[in-house]
Amino acid sequence: MIRVGVVSGKGGVGKTTVSVSLALALSCRGFSVGVLDLDLTGSNVPDILGKLELGVSGDDRLIPTTSRGVKYVSLGQIVAEGMPVLWDPKDIRSAARQLLERTDWGDVDFLICDFPPGFESETLEMLPLMDYVVVVTTPSALSRSKVERMVEACREYQIPIVGVIVNMARFRCPRCGYETRVFSEDHGLVELGIPTIAEIPLDPRIAMEKVVNEFPVDAFLEALERPVLLRKRKSVRRRLVEILLRAMG
Amino acid sequence: MPQGYIRRIIDKLLALQDRFYPEVEEYYRAGEGRVALLKVVGVDGDSVLLKCEKGRVRYADGNEKPVHVFRTSVDVFLDLVSGDRDLRECIAKGSFVIEDASTGTVDVVELEKWAKAFERLRRIVTRYVGGRR
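Residue numbers (our numbering), protein chains in the order written: chain A, 1 to 249; chain B, 250 to 382.
Treat the hints as calculated values from the structure; they're not laboratory data.
There's no promise every hint is true.
Claimed, not checked - Here are the simulated DSSO-like pairs of lysine-lysine, each with C-alpha atoms no more than 27 Å apart in a straight line:
hint, chain 1, residue 1, chain 2, residue 2
1, B, 365, B, 261
2, A, 51, B, 362
3, A, 90, A, 146
4, B, 288, B, 342
5, A, 51, A, 90
6, B, 365, B, 314
7, A, 90, B, 342
8, B, 288, B, 365
9, A, 10, A, 146
10, B, 288, B, 300
11, A, 146, B, 288
12, B, 362, B, 342
13, B, 365, A, 51
14, A, 90, B, 314
15, B, 261, A, 90
16, B, 300, B, 362
17, A, 51, A, 146
18, B, 342, A, 51
19, B, 288, B, 261
20, B, 300, B, 261
21, B, 365, B, 342
22, A, 10, B, 300
23, B, 314, B, 288
24, B, 314, B, 300
25, B, 365, A, 90
26, B, 314, B, 362
27, B, 261, B, 342
With the rest of the complex left out, here is chain A:
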């Protein structure tokens, strides 16, 4: 199982949308995929994939819910809908780790982990456990400055960065389809050595299906082969190659 963290320094940039789209797109390609919602105090994954009840196995492990071929686990499935999660940070950290380690993920090839914005307790606990991270940002200067901090954290933890996905990169007019850049032209993180995997336009008519269908899975898989990293992790690369070879039959 390859753990891919979807991170950002800022909230509201579309981490959950990207996480779920990536998972569904990989699933459509024949990979076995799981989604772990690590935003414990603001979980959104059940809002997209459906708030279905988790199971508990006889050996005290959570059984993930399956929706549209993707397995997922979220604290939002355990607590009541619409309630704030008022937990001690140490409980948040522990729960995040348990959702990963005490869930029966089965033969999942990729586990997409949707992180909370910034450096919450869950991030500090779980980021070092990731095999790769995908950075999500919007073209605004505010988002970009915060993303740079996240990139620095990933470098510090020596986690390979697959690339950056720029969400809301352009505004697509619902009437004529003309695309306009709302923010600056220069929104990538190229000067940091991080390649841009994809740009997702802001489209009021956009549906999840469209995002999934247009998701650049090939670019993602190619980027996985050459992540940005200071020190290579050979064990992770070996597992990745095994999964890709299996998917190719």
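Use these hints to put chain B onto chain A, whose structure you have.
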């Protein structure tokens, strides 16, 4: 062990238990080996630690090692048992916590198990008791 008001009440209750339920040992044989601990805290801070073993409630000496610790207030607990509150709501707000005693942090698997159990209990209570109150 403090000799206050709580202790005097529990002494009486334990005596009643032995007097009225002599058959309970046989009834609860299935649960043998399992120990449940309950700490009763009075308004004056007086506290008594009890254990439920082989179907009977006894004073605990504090050396028992529980696997999980439930942390809640009396009000919340009574509301849960009477079906007036939803356990998943209490879990979110942190007013009902199940801790793994070995780590001292929340146990998410136990939370899900107990949330399911209390949902069933709530349905039963609402159906058979709720309408009569």
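Against the structure, the hints:
Restraint check for residue 365/B and residue 261/B: not satisfied, since their Cα atoms lie roughly 35 Å apart, outside the 27 Å limit. A C-alpha spacing of about 17 Å is found between residue 51/A and residue 362/B, which places the hinted pair at or below 27 Å, so the restraint holds. Of the pairs offered as hints, the one joining residue 90/A and residue 146/A holds, with about 25 Å between alpha carbons and a cut-off of 27 Å not exceeded. Using a Cα cut-off of 27 Å, the hinted pair residue 288/B and residue 342/B holds, with the two alpha carbons roughly 22 Å apart.
For the given pair, residue 51/A sits about 26 Å from residue 90/A by alpha-carbon distance, which is consistent with the 27 Å threshold. Restraint check for residue 365/B and residue 314/B: the C-alpha separation of about 25 Å stays at or below 27 Å, so the hint holds. Between residue 90/A and residue 342/B the alpha-carbon distance is near 15 Å, which keeps this suggested pair within the 27 Å criterion. Proposed proximity of residue 288/B and residue 365/B is supported: the alpha carbons are some 24 Å apart, at most 27 Å.
Taking the CA atoms of residue 10/A and residue 146/A, the gap is about 6 Å. The hint holds against a cut of 27 Å. Of the pairs offered as hints, the one joining residue 288/B and residue 300/B holds, with about 9 Å between alpha carbons and a cut-off of 27 Å not exceeded. Between the alpha carbons of residue 146/A and residue 288/B the distance comes to roughly 47 Å, so the proposed pair goes past 27 Å and is violated. Among the hinted pairs, residue 362/B with residue 342/B is consistent with the structure: their alpha-carbon atoms are about 18 Å apart, no more than 27 Å.
At roughly 15 Å between alpha-carbon atoms, residue 365/B and residue 51/A fall within 27 Å of each other, so this suggested pair holds. For the proposed pair residue 90/A and residue 314/B, the alpha carbon gap of about 22 Å is at most 27 Å, so the pair holds. Restraint check for residue 261/B and residue 90/A: the C-alpha separation of about 41 Å exceeds 27 Å, so the hint is violated. A distance of roughly 22 Å separates the Cα atoms of residue 300/B and residue 362/B; the hinted pair therefore holds under the 27 Å criterion.
For the given pair, residue 51/A sits about 31 Å from residue 146/A by alpha-carbon distance, which is inconsistent with the 27 Å threshold. Among the hinted pairs, residue 342/B with residue 51/A is consistent with the structure: their alpha-carbon atoms are about 19 Å apart, no more than 27 Å. Between residue 288/B and residue 261/B the alpha-carbon distance is near 17 Å, which keeps this suggested pair within the 27 Å criterion. With a C-alpha separation of about 16 Å, the suggested pairing of residue 300/B with residue 261/B holds against the 27 Å cut-off.
As the CA atoms of residue 365/B and residue 342/B are separated by approximately 17 Å, the hinted pair is consistent with the 27 Å bound. About 49 Å separates the Cα atoms of residue 10/A and residue 300/B, which puts this hinted pair outside 27 Å; it is violated. A C-alpha spacing of about 14 Å is found between residue 314/B and residue 288/B, which places the hinted pair at or below 27 Å, so the restraint holds. For the given pair, residue 314/B sits about 11 Å from residue 300/B by alpha-carbon distance, which is consistent with the 27 Å threshold.
Between residue 365/B and residue 90/A, the direct Cα distance comes to roughly 25 Å. Compliance with the 27 Å bound is thereby established for this hinted pair. With a C-alpha separation of about 21 Å, the suggested pairing of residue 314/B with residue 362/B holds against the 27 Å cut-off. At most 27 Å may separate the alpha-carbon atoms for a hinted pair to count; residue 261/B and residue 342/B exceed this at roughly 36 Å.
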